[in-house]
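The opening position of the sequence shown corresponds to residue 60 in this note's numbering, with each subsequent residue numbered one higher.
One or more of the hints may lead you astray.
What the hints assert, rightly or not - Computed beta-carbon distance windows for the label pairs:
id: 1; residue 1: Glu177; residue 2: Ala206; range: 22 to 32 Å
id: 2; residue 1: Ser175; residue 2: Leu207; range: 29 to 39 Å
id: 3; residue 1: Ala161; residue 2: Asp122; range: 19 to 29 Å
id: 4; residue 1: Leu207; residue 2: Arg176; range: 22 to 32 Å
id: 5; residue 1: Asp198; residue 2: Leu143; range: 15 to 25 Å
id: 6; residue 1: Glu194; residue 2: Arg168; range: 15 to 25 Å
id: 7; residue 1: Leu143; residue 2: Arg204; range: 19 to 29 Å
id: 8; residue 1: Pro108; residue 2: Arg168; range: 31 to 41 Å
id: 9; residue 1: Ala206; residue 2: Arg176; range: 19 to 29 Å
id: 10; residue 1: Ala206; residue 2: Glu181; range: 26 to 36 Å
id: 11; residue 1: Thr158; residue 2: Val203; range: 32 to 42 Å
These are computed hints drawn from the structure, not numbers from a lab. Glycine included, every Cβ here is placed at the ideal spot set by N, Cα and C.
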Amino acid sequence: MVARWRKMRRAPFRRPPSAFALNRPPPDSANVSEPCADAARDTHAPGAPACRITLAPSGWQFDAPPDVPILLAAQAAGVRLPSLCRNGTCRACLCRAQTGGAPAPVTYRIEWPGMSREEKAEGWLLPCCAYARGELVIDAPDAVRVALC
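The task is simple: from the sequences and hints, build the whole structure.
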């Protein structure tokens, strides 16, 4: 009898949001001054330049288009970064850009992801919801290279 009640109380299966929902273009940033500046203004331009992302200490590199979050660009390049929620609330993907204490050249689709102003100013970023706006070197010691099928 208990098993029947549990089956009736189960929530219906809901399909998780597709990766394409995360690929919506981010809002324009007023402080864009890096090589990807033209791509930031016109995210739908054919052949928009991608920004080069380098992972330290491994030295792996990949290109991140201006309309794709850094996490998804890494996955497309065969690099797995730690992540859980993909919207900036869990902070599992939190990593630091090597910018010498300056803010990282990224923009966010959401106004305040799970970071404080001080963390943003020190160069911390959330690759799951950050869009590259310039060349980046990211400290990601937990990055893993995966085989592309």
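Verification of the hints:
1. Glu177 <-> Ala206: 22 to 32 Å: The hinted range 22 to 32 Å is violated for Glu177 and Ala206, with Cβ atoms some 39 Å apart.
2. Ser175 <-> Leu207: 29 to 39 Å: Once the Cβ atoms are compared, 36 Å apart, the range 29 to 39 Å for Leu207 and Ser175 holds.
3. Ala161 <-> Asp122: 19 to 29 Å: holds (22 Å)
4. Leu207 <-> Arg176: 22 to 32 Å: Once the Cβ atoms are compared, 38 Å apart, the range 22 to 32 Å for Arg176 and Leu207 is violated.
5. Asp198 <-> Leu143: 15 to 25 Å: holds (19 Å)
6. Glu194 <-> Arg168: 15 to 25 Å: holds (21 Å)
7. Leu143 <-> Arg204: 19 to 29 Å: holds (20 Å)
8. Pro108 <-> Arg168: 31 to 41 Å: Given a distance of about 20 Å, which is not inside 31 to 41 Å, the answer is violated.
9. Ala206 <-> Arg176: 19 to 29 Å: violated (40 Å)
10. Ala206 <-> Glu181: 26 to 36 Å: Given a distance of about 35 Å, which is inside 26 to 36 Å, the answer is holds.
11. Thr158 <-> Val203: 32 to 42 Å: violated (24 Å)
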